[in-house]
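Model the full assembly from the supplied sequences, consistent with the hints where possible.
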Amino acid sequence: MEMSNSRQKILKDLREGLKRSLLPEAVAEGPSLEIPGNAGGLDRFVSEFEKLSGKAFRVRTRQEAFDLVIKIFAERGWKQTLIWEILLDRNPLFRQLLDAAGIEVRRGGEIRDLAKIAVGITGAQAALADSGTLVLQNIPGQPSFVSLLPEVHLVLLCADDIHPNLQKYLEGIEDLNNQVSASSNLVFITGPSRTGDIELILTLGVHGPGEVIVIIWEKEERS
Amino acid sequence: MEKVNLFITCLLDTLFPDTAQAVVDVLEHLGLTVHIPKGQTCCGQPAFNAGFWDEARDMARYTIDLFSKVEGPIIIPSGSCGVMIIRHYPELFSNDPVYGPKIQALAGRLFEFTQFLVDHLHVSSLGAAFPARIVYHPSCHTLRGLQVDRQPRALLAEVQGLEILSQENPPTCCGFGGIFAIKMPEISGQMLANRLTAFEATGADLVVGCDISCLMHIEGGLRKKGSRMRTMHIAQILAQGLKS
Amino acid sequence: MSTAPVSIRQGVKKALENPDRLVNIQTAAERFYTGRIAALTTLPDSDALRDLGRKIRAHTIAHLDQYLLQFEASLSALGGVVHWAGDAREAGEIITQIARAAQVKRIAKSKSMVSEEIQLNARLEAAGMEIVETDLGEYIAQLSGDHPSHIIAPVVHLNRKDVGRVFAEKLKVPYTENVLELNAIARRSLREVFLSADMGISGCNLAVAETGTICLVTNEGNGRMVTSLPRVHVALMGMERIVPTIKDLGVLLQLLARSATGQKMSSYTSLITGPRRQREEKGPQELHVVILDNGRTGILGSDLAEVLYCIRCAACLNVCPVYRSIGGHAYGAVYTGPIGSVISPALGGIARYADLPQASTLCGACREACPVRIDLPTLLLRLRNKTIRQEISPLWMKAGLKGFRWITTDAGRYNFLTWLAGIFSKVLGKQWLTWLPGPLRGWTRYRSFPPFQKSFQQRRRRAKGED
Numbered sequence: 001m002e003m004s005n006s007r008q009k010i011l012k013d014l015r016e017g018l019k020r021s022l023l024p025e026a027v028a029e030g031p032s033l034e035i036p037g038n039a040g041g042l043d044r045f046v047s048e049f050e051k052l053s054g055k056a057f058r059v060r061t062r063q064e065a066f067d068l069v070i071k072i073f074a075e076r077g078w079k080q081t082l083i084w085e086i087l088l089d090r091n092p093l094f095r096q097l098l099d100a101a102g103i104e105v106r107r108g109g110e111i112r113d114l115a116k117i118a119v120g121i122t123g124a125q126a127a128l129a130d131s132g133t134l135v136l137q138n139i140p141g142q143p144s145f146v147s148l149l150p151e152v153h154l155v156l157l158c159a160d161d162i163h164p165n166l167q168k169y170l171e172g173i174e175d176l177n178n179q180v181s182a183s184s185n186l187v188f189i190t191g192p193s194r195t196g197d198i199e200l201i202l203t204l205g206v207h208g209p210g211e212v213i214v215i216i217w218e219k220e221e222r223s
Numbered sequence: 001m002e003k004v005n006l007f008i009t010c011l012l013d014t015l016f017p018d019t020a021q022a023v024v025d026v027l028e029h030l031g032l033t034v035h036i037p038k039g040q041t042c043c044g045q046p047a048f049n050a051g052f053w054d055e056a057r058d059m060a061r062y063t064i065d066l067f068s069k070v071e072g073p074i075i076i077p078s079g080s081c082g083v084m085i086i087r088h089y090p091e092l093f094s095n096d097p098v099y100g101p102k103i104q105a106l107a108g109r110l111f112e113f114t115q116f117l118v119d120h121l122h123v124s125s126l127g128a129a130f131p132a133r134i135v136y137h138p139s140c141h142t143l144r145g146l147q148v149d150r151q152p153r154a155l156l157a158e159v160q161g162l163e164i165l166s167q168e169n170p171p172t173c174c175g176f177g178g179i180f181a182i183k184m185p186e187i188s189g190q191m192l193a194n195r196l197t198a199f200e201a202t203g204a205d206l207v208v209g210c211d212i213s214c215l216m217h218i219e220g221g222l223r224k225k226g227s228r229m230r231t232m233h234i235a236q237i238l239a240q241g242l243k244s
Numbered sequence: 001m002s003t004a005p006v007s008i009r010q011g012v013k014k015a016l017e018n019p020d021r022l023v024n025i026q027t028a029a030e031r032f033y034t035g036r037i038a039a040l041t042t043l044p045d046s047d048a049l050r051d052l053g054r055k056i057r058a059h060t061i062a063h064l065d066q067y068l069l070q071f072e073a074s075l076s077a078l079g080g081v082v083h084w085a086g087d088a089r090e091a092g093e094i095i096t097q098i099a100r101a102a103q104v105k106r107i108a109k110s111k112s113m114v115s116e117e118i119q120l121n122a123r124l125e126a127a128g129m130e131i132v133e134t135d136l137g138e139y140i141a142q143l144s145g146d147h148p149s150h151i152i153a154p155v156v157h158l159n160r161k162d163v164g165r166v167f168a169e170k171l172k173v174p175y176t177e178n179v180l181e182l183n184a185i186a187r188r189s190l191r192e193v194f195l196s197a198d199m200g201i202s203g204c205n206l207a208v209a210e211t212g213t214i215c216l217v218t219n220e221g222n223g224r225m226v227t228s229l230p231r232v233h234v235a236l237m238g239m240e241r242i243v244p245t246i247k248d249l250g251v252l253l254q255l256l257a258r259s260a261t262g263q264k265m266s267s268y269t270s271l272i273t274g275p276r277r278q279r280e281e282k283g284p285q286e287l288h289v290v291i292l293d294n295g296r297t298g299i300l301g302s303d304l305a306e307v308l309y310c311i312r313c314a315a316c317l318n319v320c321p322v323y324r325s326i327g328g329h330a331y332g333a334v335y336t337g338p339i340g341s342v343i344s345p346a347l348g349g350i351a352r353y354a355d356l357p358q359a360s361t362l363c364g365a366c367r368e369a370c371p372v373r374i375d376l377p378t379l380l381l382r383l384r385n386k387t388i389r390q391e392i393s394p395l396w397m398k399a400g401l402k403g404f405r406w407i408t409t410d411a412g413r414y415n416f417l418t419w420l421a422g423i424f425s426k427v428l429g430k431q432w433l434t435w436l437p438g439p440l441r442g443w444t445r446y447r448s449f450p451p452f453q454k455s456f457q458q459r460r461r462r463a464k465g466e467d
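Protein chains in written order, with my numbering: chain Y, 1 to 223; chain P, 1 to 244; chain E, 1 to 467.
Simulated from the structure, these hints should not be mistaken for laboratory data.
Misleading hints may appear alongside valid ones.
Stated by the list, open to error - Mimicking DSS-like on lysine-lysine, the simulated pairs with C-alpha atoms at most 25 Å apart in a straight line are:
#1 Y:LYS12 with Y:LYS168
#2 Y:LYS9 with Y:LYS19
#3 Y:LYS168 with E:LYS247
#4 Y:LYS116 with E:LYS430
#5 E:LYS247 with P:LYS225
#6 P:LYS224 with E:LYS430
#7 E:LYS105 with E:LYS282
#8 E:LYS426 with E:LYS464
#9 Y:LYS19 with E:LYS386
#10 P:LYS38 with E:LYS402
#11 P:LYS69 with P:LYS102
#12 E:LYS464 with E:LYS454
#13 Y:LYS55 with Y:LYS79
#14 P:LYS3 with E:LYS464
#15 P:LYS225 with E:LYS105
#16 Y:LYS168 with Y:LYS9
#17 E:LYS430 with E:LYS402
#18 E:LYS13 with P:LYS69
#19 E:LYS172 with Y:LYS116
#20 Y:LYS71 with Y:LYS219
#21 E:LYS426 with P:LYS243
#22 E:LYS454 with P:LYS224
#23 P:LYS38 with E:LYS454
This is the structure:
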């Protein structure tokens, strides 16, 4: 079969090329990754996030975060939302608040219809302070289109999940490979969608959300 | 008196002999005996840069043999020629059991002119005076190839009356590039034009540098433009500054 | 597409006819340059990080067969399919086959330099597929039939009026030159493409061997759309674009966005590991990765191998005084600037791209800017040597340099000729020359030439009474 012939040929050519060892240096072992990284926590995250035109709100508790969501929805006049199902499953109180405020949770159906909804609410499994980055993984109950299709992406984040930098975050994950391989999609989101393709003029919200709002609660409560 | 050898380089020898004399004057003023090994020609850079490596090797062997016969430090008043010998000769003679070691030995005692003064003789103040407003042009090979920048600036800072004007960062190539200047003249001309605009914006009288090749190209452009700015090699500033 | 040798001088003449466009490119390059410098200072030790980045790439390339096989095994275990393409034609065929088998009509594509290298769009269109570029700059270029002029900012040479005209004509919308409105038009128009495409094609910034991951570094969101909405995703990957582990990826990611645009991280850095899992709500049912050779194994076996460390950040373009003076189009190649001047001839043949390594003063700014410290000037010099060994050189240069060698390898000859020049100088006088003959006319078109002189060595000999 032609395809496996190419595979054989490419590998053969590769190995022969490497035998000629014309590379400038021989690095036998994968190098050790000990290198200093930036420090930083909540304050740094907020500062970096705001530099990206993100809007950050700080509250004390998870409950206050939910209340703030309702308030923002009222201010913006939003009556429908996309949302990570998992947020509702884990926080029945939040579901009640949304119902009480008359906010319809849109789920299922044609993606074309879901794409028309103005706002999507997600959590984040982690945040990186030195770049203002949010980490979201596309596992069941946390579909990635919620953070991608709407014009506004609203994120609920616990300050405990903020890590100083990417390296520290990766180092801290137990069984990193399996974590990454657990889903088809893991995304690092750093601010709104942006482009400078026309005259280098920065425009937000080309294809992804133009607005990212993060509500951070500082204390986890056991309720 | 310490004896030093001077590799004058083909450009200084044939087109800028006054500048070559200035180099000698400065070194002799510092109490050195300057020996100019006879029969020296060219390091081979033009051939090497153009890809004619067999020709470059012939020229290199000639130069290596000549300078291997003399002892002591070798001073070279050109960053690009210095880079040729130190960085590119090893490429031309990699795995050569005869010339490999000769090149290593040579490179170990080869100094760019300002590098020799400041780092080897530990001299930056020569007592020179030269009132003028100048801009310093860091030649790419001197700056990035040999990592020589602190030294010429230290020497210029000690020249009485010399005002060194600042220009935009980062330092950008003047567009000479050897044969590039005639092989790709439109690009060379455009890069030169950009540089001249930057120089003229400073209001300086002179452009000073360590590489005569860049200065030749820059002054050629200034003259064609009808500008009154001129160029001077750092050795000339120092030599003339010493006479006053 | 023409296979005639590229003439940079022709390209340059054409580029210099449009100085406004060149100014745009200079502005972009300047902005990305200052962005990079500033962004690197936000790292505690960017030099150490660059050294580490280089080591990771060097180690990977030195064991490339091993890591590609590991990648294939990891991804296959998760249900992804790995294909190996020897050349452009084969890659086109593989992707066409995938599209046919999945009954694909419409393809949404996010930016991929490799896809341009293999002329993928033309190949797929020839097979009857519709393929839409979704990166805003590439979309504009595709609509207008133009070519990208910069790796990161493809249509920086156009202004808003140009874009307004393209949209009005091709999308049948009212003309506007308001940048916000133009973006909104693109958003609407391409949203429809994302939602209706059967297949998404992306590039691959870096693959990870250990997990079978493809990492995409983007800003607009089209990369995410194209790789998560359609039912088939094909990722096209130059075989050298891989690192061993996720943590290695982390190191390179800290360098990539900073070096490219001055961002600490791009808006969306996606790690795609296999097709949709069973209970995931959305995602491609099929994930294919096409590993492309197309001359890379040849580079690996040559003294240009170091160029494979490249992570395609374009820092070298932004700092290059030649690129800034002439823009991307003048190079006449997909890959431009310093990196392009090496890989275009290395991949596409020296006969065709011999001009590119000549378009450099070897100033070294690129080497200084490269996050993985590739010694581009040395690679350019090696290419020049290869060019000469293929006998590609104008006669005047060959004759001139052979003559120069003849003169400078014998003291007698050298002294005689410099003596002759000294005589000449008496005739021509002390004025700088404003005209030189033949190929040297290129000099005097832009500058005067210094007068001939009695050589320094001759004066010394005369002074010492040796002549």
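Each hint tested on the structure:
no.	hint	in the structure
1	Y:LYS12 with Y:LYS168	violated (39 Å)
2	Y:LYS9 with Y:LYS19	holds (15 Å)
3	Y:LYS168 with E:LYS247	holds (10 Å)
4	Y:LYS116 with E:LYS430	violated (78 Å)
5	E:LYS247 with P:LYS225	violated (56 Å)
6	P:LYS224 with E:LYS430	holds (16 Å)
7	E:LYS105 with E:LYS282	holds (20 Å)
8	E:LYS426 with E:LYS464	holds (22 Å)
9	Y:LYS19 with E:LYS386	holds (21 Å)
10	P:LYS38 with E:LYS402	holds (23 Å)
11	P:LYS69 with P:LYS102	holds (11 Å)
12	E:LYS464 with E:LYS454	holds (15 Å)
13	Y:LYS55 with Y:LYS79	holds (21 Å)
14	P:LYS3 with E:LYS464	holds (18 Å)
15	P:LYS225 with E:LYS105	violated (60 Å)
16	Y:LYS168 with Y:LYS9	violated (40 Å)
17	E:LYS430 with E:LYS402	violated (29 Å)
18	E:LYS13 with P:LYS69	violated (49 Å)
19	E:LYS172 with Y:LYS116	holds (23 Å)
20	Y:LYS71 with Y:LYS219	holds (20 Å)
21	E:LYS426 with P:LYS243	violated (28 Å)
22	E:LYS454 with P:LYS224	holds (24 Å)
23	P:LYS38 with E:LYS454	holds (16 Å)
The structure is inconsistent with the numbered hints 1, 4, 5, 15, 16, 17, 18 and 21, although it conforms to all the rest.
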